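J.: Residues per chain are reported as follows:
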Amino acid sequence: MLRQACAPPWRRALVLPLACVGLLAAEAQSQEGPAAGLPLEEQVQLCGGCHGEDGNAVEEGVPSLAGQPALALTNQLIYFRERLRRNEIMTPQAQGLSDEEIQALASHYAEQPLSPPDGKPDEALMERGRELAREHRCASCHRSDFSGQQQMPRLAHQREDYLAQAMRDYRERTRGGPDTTMVDILRNVDDEEIDALAHFLAHFDRG
Amino acid sequence: MPPLTPPTLTRLVLAVATAGSFIVPPLVSAEEQEQEPAWAQGRAAELGESPLSPHATPLTITPEEDIPVDHLRLPDGFSAEVWAHGMPGARMMALGDEGTLFVGTRGIGRVYAVTDQGDARETHIIAEGLGQPNGVAFKDGSLYVAAINRILRYDDIESHLAQGEDIPEPEELTEAFGLPDDEHHGWKFLAFGPDGRLYVPVGAPCNGCEVDPDTHATIHSFEADGSDMRIEARGVRNTVGFDFHPETGELWFTDNNQDWIGEHGPGDELNRLGEPGEHFGFPECHSVGIVDPELGSANACDDKTLPAAVTDPHSAPLGMRFYTGEMFPEEYRDAIFIARRGSWNRTLSVGYDVLVAKLSEDGLRADLSPFMVGLLDPRENSFSGRPVDVLQMTDGALLVSDEQNGAIYRISYESPSYME
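As they're listed, the protein sequences go chains A and B. When we follow the numbering used here, the leftmost residue of the first sequence carries the number 2, and every step to the right adds one. When we follow the numbering used here, the leftmost residue of the second sequence carries the number 207, and every step to the right adds one.
Because the hints were derived from the structure by calculation, they are not lab data. Fair warning: this is a prediction, and the values are worked out from it, not measured in the lab. Even glycine gets a Cβ: it sits at the ideal position worked out from N, Cα and C. Hints may be right or wrong, so weigh each one.
[As the list claims (entries may be wrong)] Distance windows between CB atoms, simulated:
| # | chain 1 | residue 1 | chain 2 | residue 2 | range |
| --- | --- | --- | --- | --- | --- |
| 1 | B | 588 | A | 206 | 46 to 52 Å |
| 2 | A | 146 | B | 429 | 52 to 58 Å |
| 3 | A | 51 | B | 272 | 45 to 51 Å |
| 4 | A | 54 | B | 282 | 37 to 43 Å |
| 5 | A | 54 | B | 253 | 40 to 46 Å |
| 6 | A | 173 | B | 568 | 43 to 49 Å |
| 7 | B | 587 | A | 173 | 36 to 42 Å |
| 8 | A | 146 | B | 531 | 52 to 58 Å |
[Said to hold, decoys possible] Short, incomplete list of chain B residues facing chain A, as computed with Cβ under 8 Å:
| # | residue |
| --- | --- |
| 9 | 259 |
| 10 | 265 |
| 11 | 267 |
| 12 | 314 |
| 13 | 530 |
| 14 | 532 |
| 15 | 535 |
Construct the complete structure from the given sequences, taking the supplied hints into account.
T.: Next up, the structure:
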């Protein structure tokens, strides 16, 4: 356990860009998140408050965690914990979680089934999204069924509003985190294209 | 490694082009290329569905029982043990005057310190939240850290650690050094030379492209405070490891060659800097004198310095140090140990090992051969660890960092029983 083997928090030099200092104070950086140290079942209840009891999110803009590759969830939680990815909700939630806790949560959600969205897809949007996904070679990392692999997240059946927002955040460079791959890919993708991609991926059906 | 024979490397795509066609198949169009991730730049359109992409580095702790130290194979008399672990992403190493080992990382944004308690080691996180703090170097009680966008100096760091004190905020030297902050190949190695100057590479901000020869694909040196910048070497695509010859003081460095030109070339490099300012070829001349199919003219290699040795294409030779210790046999004296992180941009994996380079009598060339192997399983084409740096300890043992497992191995030597 590194966290225990390592120096306690007061011995850890925190080196952050000046611009982040205000944000950090607001994050109450020395405090542990509410889930740290709890048994998995209780952690899952806490996460479920926003992400849905079974990892299928029903709240607007909140990603579903069910069916995501375990490594994709693990890496994002570590980026939040290490403050490499700053989000006013998730960065504080992740403080104090150990690697083992993060990996157990990730495996739990990876095993939950993800439900397809309700409602019929818009055929024209689906066709446009399919074309764009081909053009941008989404499948070369996210797999041909968009189920994700390794650190690359599952896109199929993810919430449409979340997908669209995540792509906009990458394009505007506001998502944060050390991954620059998606920033490069979305640089010249406009809103209409992002919306078509999000609709297609949310409703993806191999058919 | 036998030298690659063709004077001009043919792109892999030529080999698969329709017979009878003399037209080079189009690369990905400029507009599409802009939207490729950095690692895919230069990938031919035909290879758009290629499964090759960089392997992700774990950001979590590898449990001690899963660290593949039992896989390691070394020449007779050498043995390996896990010296420190629990440091996800452990990469470049530097030794403090009091024996503290400092370890840089990339994705996880941390710098670690390892203090030796005799039979056990204690690990500390001394910095976090940095942008790929790969480079670490130590001088006069201070630790220097190079992140993509910053150069930092931590004064009296070992005494703060020894007294269990808070590590004070570092001195920000970023402006004094004034280095570019490109993400692509922007993670930096750091080392002090025998002249007391700090040597800092700036990689090419691309897979292959024209660069300003005074700002990119260079090795610079500075006074420790960031003043008096000099360009030591040009045309160096991406070096992530160097050291200085213990006798001559010459700078020797590894360099990673271009991806997507071919599975079998151009070979990665070990170089020797003879004169300050020499040009090592990037982007128009690669490896043993291979003219770039797009950016190089016929005589592009004429005025370039060719490598002292080449090794497998894409094998990623990174950290390297001369061995000056007494523990290993005489034949290792002044040889170079080179950590190879291992390939991603070829179907059959190579590297994932430590090589030893033995210099020729005239000190201009080197022979490479395997020293520490076993992390690559060629039958499965899979790997269990990725050596990134080597470092000689004061007792002559050699440390090897394994980024994949966040572990550091210690390699020691005792004469085998069959030797008198």
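J.: Now tell me if each hint is right for this structure.
T.: Structure-based check of each hint:
For the hinted restraint 46 to 52 Å between residue 588 of chain B and residue 206 of chain A, the CB-CB distance of approximately 34 Å leaves it violated. A beta carbon spacing of about 56 Å between residue 146 of chain A and residue 429 of chain B agrees with the range 52 to 58 Å that was offered as a hint. The hinted range of 45 to 51 Å is not satisfied by residue 51 of chain A and residue 272 of chain B, whose Cβ atoms lie roughly 33 Å apart. The hint said 37 to 43 Å for the Cβ distance between residue 54 of chain A and residue 282 of chain B, and at roughly 60 Å that hint is violated.
Against the hinted window of 40 to 46 Å, the Cβ-Cβ separation of residue 54 of chain A and residue 253 of chain B comes to about 44 Å, which satisfies the hint. Checked against the hint of 43 to 49 Å, the C-beta distance between residue 173 of chain A and residue 568 of chain B comes to roughly 57 Å, which is inconsistent with it. One distance hint, 36 to 42 Å for the beta-carbon pair residue 587 of chain B and residue 173 of chain A, holds here, with the actual separation near 40 Å. The hinted window of 52 to 58 Å between residue 146 of chain A and residue 531 of chain B holds, with their beta carbons roughly 54 Å apart.
At a threshold of 8 Å, the smallest CB-CB gap from residue 259 of chain B to chain A is about 7 Å, leaving the interface hint in force. Interface restraint check for residue 265 of chain B: the shortest CB-CB distance to chain A comes to about 5 Å, inside 8 Å, so the restraint holds. This hint holds: residue 267 of chain B has a C-beta 5 Å from the nearest C-beta of chain A, less than the 8 Å allowed. A cut of 8 Å between beta carbons decides the hint on residue 314 of chain B: the least distance to chain A is about 6 Å, and the hint holds.
Hint status for residue 530 of chain B: violated, given a least beta-carbon distance of 32 Å to chain A, over 8 Å. A cut of 8 Å between beta carbons decides the hint on residue 532 of chain B: the least distance to chain A is about 32 Å, and the hint is violated. For residue 535 of chain B, the interface hint is violated, the least distance from its beta-carbon to any beta-carbon of chain A being 35 Å, above 8 Å.
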